[in-house]
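Asks: The lines below spell out each chain.
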Amino acid sequence: MVQPVQIEGVAGKLLLERVCMDNVKTDGVLAGESSKEPQASQGAERQSSKKDRNLITRRRFLCLFGLAGAGAAVASHLPNMSAVAADGETGGGPRRLRRWCMVVDLRRCDGCVGLNKPPRCTEACIMSHYVPDGMEWVQVYRTEINAHSGGTYFFPLHCQQCENPPCTNVCPVGATFATPEGPILIDQQRCIGCRMCMAACPYDRRFFNWGEPNQPPQAKAMAYHPETQQPAYKGTVMKCDMCPERGRAGEVPYCVEGCPRGVIYYGDLEEDIATNGREIIKISSYLARNHAYRYKEHLGTQPRVYFIPGYGEDAGRNAYDPRDSRRKELQWPRGT
Amino acid sequence: MDELVKRHEREDLENKSPSPSDRTKLLGYRDRLERVALEPLAKTGKGFYLVVAVLGAIVLWGLYAYSRQLSSGLAVTGMGNPEARSKVVWGFYIVNFVFFIGISHAGTLISAILRVTNARWRTPVTRMAEFITVVALIIGGSAVIIDMGRPDRVLNMILYGRFQSPLIWDFLAITTYLTGSCIYLFVPLVPDLALVRDRLGSKLSGPRRALYRILSINWHGLPHQWRRLGVALTVMMIVIIPVAVSVHTVVSWIFAMTLRPGWNSTVFGPYFVAGAIFSGTATLIILMVILRKVYHLEEFLTERHFINLGYILAAFCIIMLYFNLQETLVPAYKMADEEPHWFHDIMGGRYSFWYWFYIFGGMLAPALIVLIPRTRKIAGIVLASVLVVIAMWLERYLIVVGTLTIPQTPYEQVSYTPTWVEWSIMAGLFALFSLIVVVFTKLVPVVAVWEMVEQHAEEAGHASVPSVSVGGREPAAAR
Ligand code: SF4
Ligand code: SF4
Ligand code: SF4
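Here the protein sequences line up with chains Z and V, keeping their order. By the numbering used here, the letter at position 8 of the first sequence is numbered 86, and the numbering carries on one by one without gaps. By the numbering used here, the letter at position 475 of the second sequence is numbered 1948, and the numbering carries on one by one without gaps.
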């Protein structure tokens, strides 16, 4: 029932208005309007979205600010994002809008030192996305539990797919944008390489093609799409895209697939389920039960990646294990 | 032609109506001034060609480095170096961008503020200040384009520009300021261009004669033309001040609009504006001393001008010290998140030498040099200015690169080492800046002749009357 949907004419459509659209994307109004809902259900949704509108978010502030400046020209450019929102069902009732998210269970992650290999999630992502040299879209850090007790744990960090993303706000050309399903994408055919977004990301999750990206020929031959970011372009930004095309096809991202310990869950906040490829969890109760947190939550970026704190004890990892992950040995696919 | 010049002079003098004896004195001053001001335009020595050749060579070298960067991408810079790990996303180019935009405040802001407050000593200074503004803006703007990963897509800024982005604010503010500064440079230039046309017309080559004829837009010093000039200047000097302030404020917002420790600050706007005026004044003093020497302006650019600008410099030293106290003490008290890294790096870590040089060498020492009467000489003030310019460049470096090297996630230390490409392009930018200024001084008088004559006449006229100057400064004649 979930079908992959193409975003077409990306360069033309996914404009700054995306920023404005984000504010209503979670309450289904977008999808509802496009499929000509019965008035009743729409009314209810409108009300809920009206309530949301009372919250002045940073983005809304910028949005109003922007509209005031840009005027009517902006309105005429509103892209038809319902194409992305619609999930292919033909029946009545509001269409469900996926809200992709991730849950990273830090208790189980051992940085793949147990396997004596470089982190498998990073490797899987690199190999399947032909990630150019030197980038680790998901990066596994080894970090201290706290300064007094000592001990370490491993910390896989994806792009946090912030719901209030500082990176998209600052892009001068709208080349990076939030999609209604959550993933923050980059249009590498529009990006001017100013790196403002990299400076603005508080998680340092953006990478740059400083030179001509080194990619194998099959990557270079692909038709460009921001959801796959293939082929890579020199002088543009790249990052983890949360694999929305995999999600829509009913699969989990490569990093989830690659993890031998089932650390990373991928799922849909709307449906409240997530999976690490082996088991399925109910997100809300799993988060509550395990005291989940979001990284740098105080910044107000509202990440879509949740962490379950832990120091490796569940997996039997010794917190005082001196071994670091072997990420320095990661191999990147080479072009010719 | 001569007819008109005579009329111009006659009217000019009649308007000011000094006594007959004053009139001869005035003509003497005016003749000397015109001779000195027009000499560089009429005669060109070997030295000029030598300077142009050297600067041109450096610019060409910078261009070669840029061509290398264009073909291999930013990978040839220190930012693309693996040890920067995609974390130090901005380097020398953005440092120079902020630095040159800062320098640009020399001009318009200083000259407009001095004009608005009617500070009488300003007249020989304004033209040079306005030069610096226009040239520095052009250089600063090109530094951003050099920094872009895809300079071929620069038009996207216009095609897809989003008003929410600080970079677009910058783009708009800088282009507005550049336009305004060009007008503000050009308007008071017109009577002097007419002067060149009338005095040197016969001595110049055909194209240059035509250039001055066109640029002086039919100026004949008629009363209604003077009136219009006065109105235009008044409007421009009032308009340009908020524009200038806005420019450096939005430059600071590129940084302050992010959540990074070290940038996430609410004083960045005024802090940058103060820093800009500070470095701009210092640059102006350095340029003044060079031009004074090269073009023999000693009679017109006296020690008094240097001392007055030195006082502005000292005042801004103190303002900057205050801002630095505010910028460090408030976050240092709280030590949130990654702030400790920042403080460690600048106070005792890898940037500490530069940081303490900036504080002691760039602010305390210059303030002392200017405030102690024994060192309050032209040489001392110029030394203070050189220190300030170096320190302000370092400050920009610490703000841009220093902050970007703070780990925001628990990753290993990153570092940034500029490559020869970046050094060469930076040298090219500085050389281009000097080159344009040098050529400028050959094309137009480096001091505003008509303003100085007017001021001199006023002072001569007022010599017996108690000073009524608005700026609160006594006229030169009284000193
Ligand atoms: S983690 Fe960084 S790159 Fe990802 S959405 Fe948030 S701000 Fe943007
Ligand atoms: S680097 Fe590209 S995506 Fe990032 S802000 Fe600049 S134009 Fe936008
Ligand atoms: S979600 Fe996709 S893009 Fe992101 S790290 Fe995993 S595999 Fe890579």
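No wet-lab data here; the hints were simulated from the structure. A portion of the hints provided could be inaccurate.
DMTMM-like mimics (lysine to aspartate or glutamate), calculated; alpha carbons at most 25 Å apart, straight line [as the list claims (entries may be wrong)]:
id	chain 1	residue 1	chain 2	residue 2
1	Z	Lys374	V	Asp1504
2	Z	Lys195	Z	Asp402
3	Z	Lys374	V	Glu1812
4	Z	Lys406	V	Glu1556
5	Z	Lys406	Z	Glu241
6	Z	Lys195	V	Glu1556
7	Z	Lys360	Z	Glu329
8	Z	Lys312	V	Glu1556
9	V	Lys1915	V	Asp1504
10	Z	Lys374	Z	Glu407
11	Z	Lys374	V	Glu1800
12	Z	Lys298	Z	Asp211
13	Z	Lys312	Z	Glu222
14	Z	Lys312	V	Asp1625
15	V	Lys1807	Z	Glu375
16	Z	Lys298	V	Asp1625
17	Z	Lys195	V	Glu1885
18	Z	Lys406	Z	Glu375
19	Z	Lys374	V	Asp1625
20	Z	Lys195	Z	Asp399
21	V	Lys1915	V	Asp1818
22	V	Lys1915	V	Glu1931
23	Z	Lys374	V	Glu1776
24	V	Lys1676	V	Glu1507
25	Z	Lys374	V	Glu1885
26	V	Lys1807	Z	Glu222
27	Z	Lys406	V	Asp1625
Cβ-Cβ distance ranges computed for the label pairs, FRET-style [what the hints assert, rightly or not]:
id	chain 1	residue 1	chain 2	residue 2	range
28	Z	Glu407	V	Thr1890	19 to 29 Å
29	Z	Asn194	V	Tyr1884	36 to 46 Å
30	V	Ser1825	Z	Arg401	25 to 35 Å
31	V	Ser1545	Z	Lys298	12 to 22 Å
32	Z	Asn194	V	Ser1825	38 to 48 Å
33	V	Thr1649	Z	Arg401	51 to 61 Å
Beyond 12 Å from chain V on every Cβ pair, some chain Z residues (computed) [claimed, not checked]:
id	residue
34	Thr230
35	Val248
36	Gln266
37	Ala278
38	Pro280
39	Arg283
40	Gln308
Even glycine gets a Cβ: it sits at the ideal position worked out from N, Cα and C.
Asks: State for each hint whether it applies.
Replies: Hint-by-hint comparison with the structure:
1. Simply put, lysine 374 of chain Z and aspartate 1504 of chain V have alpha-carbon atoms about 70 Å apart, too far for the 25 Å limit, and the pair is violated.
2. About 11 Å separates the Cα atoms of lysine 195 of chain Z and aspartate 402 of chain Z, which keeps this hinted pair within 25 Å; it holds.
3. Using a Cα cut-off of 25 Å, the hinted pair lysine 374 of chain Z and glutamate 1812 of chain V holds, with the two alpha carbons roughly 14 Å apart.
4. With a CA separation close to 13 Å, the supplied pair lysine 406 of chain Z and glutamate 1556 of chain V stays within the 25 Å bound.
5. For the proposed pair lysine 406 of chain Z and glutamate 241 of chain Z, the alpha carbon gap of about 31 Å is over 25 Å, so the pair is violated.
6. The suggested pairing of lysine 195 of chain Z with glutamate 1556 of chain V holds, with an alpha-carbon distance near 23 Å, which does not exceed 25 Å.
7. About 17 Å separates the Cα atoms of lysine 360 of chain Z and glutamate 329 of chain Z, which keeps this hinted pair within 25 Å; it holds.
8. Between lysine 312 of chain Z and glutamate 1556 of chain V, the direct Cα distance comes to roughly 19 Å. Compliance with the 25 Å bound is thereby established for this hinted pair.
9. Annotation: proposed proximity of lysine 1915 of chain V to aspartate 1504 of chain V holds, straight-line Cα distance about 19 Å (limit 25 Å).
10. About 29 Å separates the Cα atoms of lysine 374 of chain Z and glutamate 407 of chain Z, which puts this hinted pair outside 25 Å; it is violated.
11. Proposed proximity of lysine 374 of chain Z and glutamate 1800 of chain V is supported: the alpha carbons are some 23 Å apart, at most 25 Å.
12. For the hint linking lysine 298 of chain Z to aspartate 211 of chain Z, the alpha-carbon distance of about 14 Å falls within 25 Å, and the restraint holds.
13. A threshold of 25 Å between alpha carbons decides the hint, and for lysine 312 of chain Z with glutamate 222 of chain Z the separation of about 36 Å lies outside it, so the pair is violated.
14. Under the criterion of a C-alpha separation no larger than 25 Å, the hint pairing lysine 312 of chain Z with aspartate 1625 of chain V is consistent with the structure, at around 12 Å.
15. Among the hinted pairs, lysine 1807 of chain V with glutamate 375 of chain Z is consistent with the structure: their alpha-carbon atoms are about 18 Å apart, no more than 25 Å.
16. Note on lysine 298 of chain Z and aspartate 1625 of chain V: the hinted pairing holds, with a Cα-Cα distance of about 20 Å set against a maximum of 25 Å.
17. Pair hint lysine 195 of chain Z plus glutamate 1885 of chain V holds up; C-alpha atoms about 20 Å apart against a cutoff of 25 Å.
18. Note on lysine 406 of chain Z and glutamate 375 of chain Z: the hinted pairing is violated, with a Cα-Cα distance of about 29 Å set against a maximum of 25 Å.
19. Between the alpha carbons of lysine 374 of chain Z and aspartate 1625 of chain V the distance comes to roughly 36 Å, so the proposed pair goes past 25 Å and is violated.
20. The straight-line distance between the Cα atoms of lysine 195 of chain Z and aspartate 399 of chain Z is roughly 16 Å, inside the 25 Å bound, and the hint therefore holds.
21. For a cut-off of 25 Å, the pair hint linking lysine 1915 of chain V to aspartate 1818 of chain V is broken: about 46 Å separates their Cα positions.
22. Restraint check for lysine 1915 of chain V and glutamate 1931 of chain V: the C-alpha separation of about 29 Å exceeds 25 Å, so the hint is violated.
23. The hinted pair formed by lysine 374 of chain Z and glutamate 1776 of chain V fails the criterion: a straight-line CA distance of about 56 Å is larger than 25 Å.
24. Taken as a hint, the lysine 1676 of chain V and glutamate 1507 of chain V pair is honoured in the structure, with Cα atoms around 15 Å apart against an allowance of 25 Å.
25. The straight-line distance between the Cα atoms of lysine 374 of chain Z and glutamate 1885 of chain V is roughly 19 Å, inside the 25 Å bound, and the hint therefore holds.
26. At roughly 22 Å between alpha-carbon atoms, lysine 1807 of chain V and glutamate 222 of chain Z fall within 25 Å of each other, so this suggested pair holds.
27. For a cut-off of 25 Å, the pair hint linking lysine 406 of chain Z to aspartate 1625 of chain V is broken: about 34 Å separates their Cα positions.
28. In this structure the hint that glutamate 407 of chain Z and threonine 1890 of chain V lie 19 to 29 Å apart at CB holds, the actual value being about 25 Å.
29. Between asparagine 194 of chain Z and tyrosine 1884 of chain V the Cβ separation comes to about 22 Å, which falls outside the hinted range of 36 to 46 Å.
30. Hint check: serine 1825 of chain V to arginine 401 of chain Z, Cβ distance near 34 Å, so the stated range 25 to 35 Å holds.
31. The supplied range of 12 to 22 Å is met by serine 1545 of chain V and lysine 298 of chain Z, whose beta-carbon atoms lie about 18 Å from each other.
32. In this structure the hint that asparagine 194 of chain Z and serine 1825 of chain V lie 38 to 48 Å apart at CB holds, the actual value being about 41 Å.
33. For the pair threonine 1649 of chain V and arginine 401 of chain Z, the beta carbons lie near 58 Å from each other, so the given range of 51 to 61 Å is met.
34. Residue-level check failed: threonine 230 of chain Z sits 10 Å from the nearest beta carbon of chain V, not beyond 12 Å.
35. Taking the minimum C-beta to C-beta distance to chain V, about 5 Å, the non-interface status of valine 248 of chain Z is violated against the 12 Å cut.
36. Remark: the non-interface label on glutamine 266 of chain Z conflicts with the geometry, its nearest Cβ contact in chain V lying 9 Å away (cut-off 12 Å).
37. Not every Cβ of chain V is farther than 12 Å from the Cβ of alanine 278 of chain Z; the closest lies at roughly 4 Å, contradicting the non-interface assignment.
38. Residue placement check: proline 280 of chain Z does not keep its beta carbon more than 12 Å from all beta carbons of chain V (closest about 5 Å).
39. In this structure arginine 283 of chain Z is not separated from chain V by more than 12 Å, as the shortest Cβ-Cβ distance comes to only about 8 Å.
40. The non-interface label for glutamine 308 of chain Z is consistent with chain V: the shortest C-beta to C-beta separation is roughly 18 Å, beyond 12 Å.
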